[in-house]
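If you read the protein sequences in the order shown, they are chains F and E. Sequence positions in the first sequence follow my numbering and run 1 to 330. Sequence positions in the second sequence follow my numbering and run 331 to 457.
Think of the hints as simulated: they come from the structure by calculation, not from any bench. In this text the structure is predicted, and so the values were computed from the model without any measurement. Beta carbons: idealized from backbone N, C-alpha and C, even for Gly. A couple of the hints might just be wrong.
Stated by the list, open to error - Pair by pair, the computed Cβ-Cβ distance ranges are:
#1 ALA401(E) to PRO27(F): 43 to 49 Å
#2 PHE439(E) to ALA135(F): 33 to 39 Å
#3 ALA160(F) to GLN372(E): 56 to 62 Å
As the list claims (entries may be wrong) - If you only want the chain E side, here are some residues facing chain F, beta carbon under 10 Å, derived:
#4 THR366
#5 PRO400
#6 THR411
#7 LEU415
#8 ALA427
#9 LEU447
#10 GLY449
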Amino acid sequence: MRIAVRLTTVAAAIALAALQGCASRGPTIESRLDGAARRHVELDSTPFFPQSEYQCGPAALATVLGASGVEVTPDDLAAKVYIPERHGSLQAEMIAATRGYDRLAVVLDGGLDAVLREIAAGNPVLVLQNLGVAAVPFWHYAVVVGFDVDRDSLILRSGADKRKHLSAGRFNYGWSLAHNWAVVVVGPDSIPATASAERYVAAAAGLEAAKRDDAALIAYRTAHERWPADSTALLGIGNISYAEGHLADAEAAYREVLTLAEHNAAARNNLAQVLLERGDPEGALTEILRARSDLADARLTAMLAATESEIRRALATPGPETSDERASNK
Amino acid sequence: MGECSLRRMAVLGLSVALINMGTPAIGHAAIITTPTYVAAAQRDADLTNVTAALNRADVRDRMVALGVDPARVESRLSTMTDAELRELSTQFDQLPAGGDILALIGVVFIVLLILELVGVIDIFKKT
């Protein structure tokens, strides 16, 4: 058994050694670079935390959080992202941990081009690499802080190396084995250079899920300003306003969503709820019935049904005003 | 053992769900939050509270079993979306956990050492 394990490891290592030879494939930095960008960029002010054993997750996270203005040490973060028996950190936890600092971890689409554009825009990029092979993975987090076109290499804060130069080919290989996972961490008032509306608003929704209402609201507003036609950012503004008890603001936001996307059943459901709480159960019923007929996604059905039954209960049981009326009628 | 913890998980999850049902559907209950909407828009599978509670309990148990401080696990989970908890719950053991770079260096070193001793390579120069 043990011998089998060892043989596998040896085979893996040989394969690994073999790969070093063929790793220089894939796009060069030059071919992926925006024509206008500089040939050598290095974000020198990015903090550096040499990692202790297995702790590249907390160290890399402290690096990107530090670059976004949050002072935190890998030790603080280890308590939030490190899983002792796995000797590492999960991507989902790396992303979730940023929310506690009112930051957005925005996942990048678009491969090496996006990484280079973010670096050129001043944003260090957190990446996951597989330093082994697909069958015997060695997962590792690092932070890309620069690139050098002439050497066709990327510069990373990685493990104990403050400025690790990695050829584009080798970087691409290990990074593609990790499905090109790359994340930029920003405050809620800024947007990564390459972020899509969908990715950014999803990150903002993460803040809402973590109950960081103030930061979530700022992020939704930032998104709304940049992408005025994005109805999800507006839905978010409505939902935070609602959560904070600002019903009039919430109603206005939901109505704005519906002018952009009149079949948005979630916004109409929430509008119905706000109308109910603002003392207009008839209006609420009209909206919820419309929402139920608009609904394209069966998975929201139960939630809409719950809202409808609540509205019907309110209409059946007389509210304070109605009972007064009845009393005076007697 | 596995069945037992499964049952415990189910009971835990259901009790959470029942507590939720016990509180009348006022206020937040009827609002569709943005994370839920985003999950629906991304065609994520199940959006019910019951499943979310089960997933959460499952991930909590798994993390504690893997050495995460039980006193801290709840606050770690509190910053995650239901969709993230579902991903962890369904694929925990397949998901990459970044951090093994020193282990890698160790393995490579040992293999190189073996190859050196066997005489296949000669990189450790004895001058």
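With a cut-off of 10 Å on the beta carbons, see whether LEU447(E) makes it to chain F.
13 Å, violated
Hint status (Cβ of PRO400(E) to nearest Cβ of chain F, threshold 10 Å):
Hint on PRO400(E): violated, closest Cβ of chain F at ~12 Å, above 10 Å.
So, as I understand it, the hint says LEU415(E) touches chain F; can you test that by seeing if any CB pair is closer than 10 Å?
8 Å, holds
At the C-beta level, are ALA401(E) and PRO27(F) separated by a distance inside 43 to 49 Å?
Holds, at about 47 Å.
Double-check GLY449(E) for me: the hint is only fine if its C-beta lies closer than 10 Å to a C-beta in chain F.
Violated, about 15 Å.
Should the interface hint for THR366(E) be scored as holding, given a Cβ-Cβ cut-off of 10 Å against chain F?
Holds, because the Cβ-Cβ distance from THR366(E) to chain F comes to roughly 8 Å (cut-off 10 Å).
Return holds or violated for the Cβ distance of ALA160(F) and GLN372(E) against the range 56 to 62 Å.
At 38 Å between Cβs, range violated.
Cut-off 10 Å, beta-carbon criterion: hint that THR411(E) touches chain F
4 Å, holds
Does the hinted range 33 to 39 Å hold for PHE439(E) and ALA135(F) at CB?
Since the Cβ atoms of PHE439(E) and ALA135(F) sit about 20 Å apart, the hinted range of 33 to 39 Å is violated.
Quick check on the hint: ALA427(E) CB to chain F CB, less than 10 Å?
3 Å, holds
In this structure, the hints that do not hold are numbers 2, 3, 5, 9, 10, in rising order.
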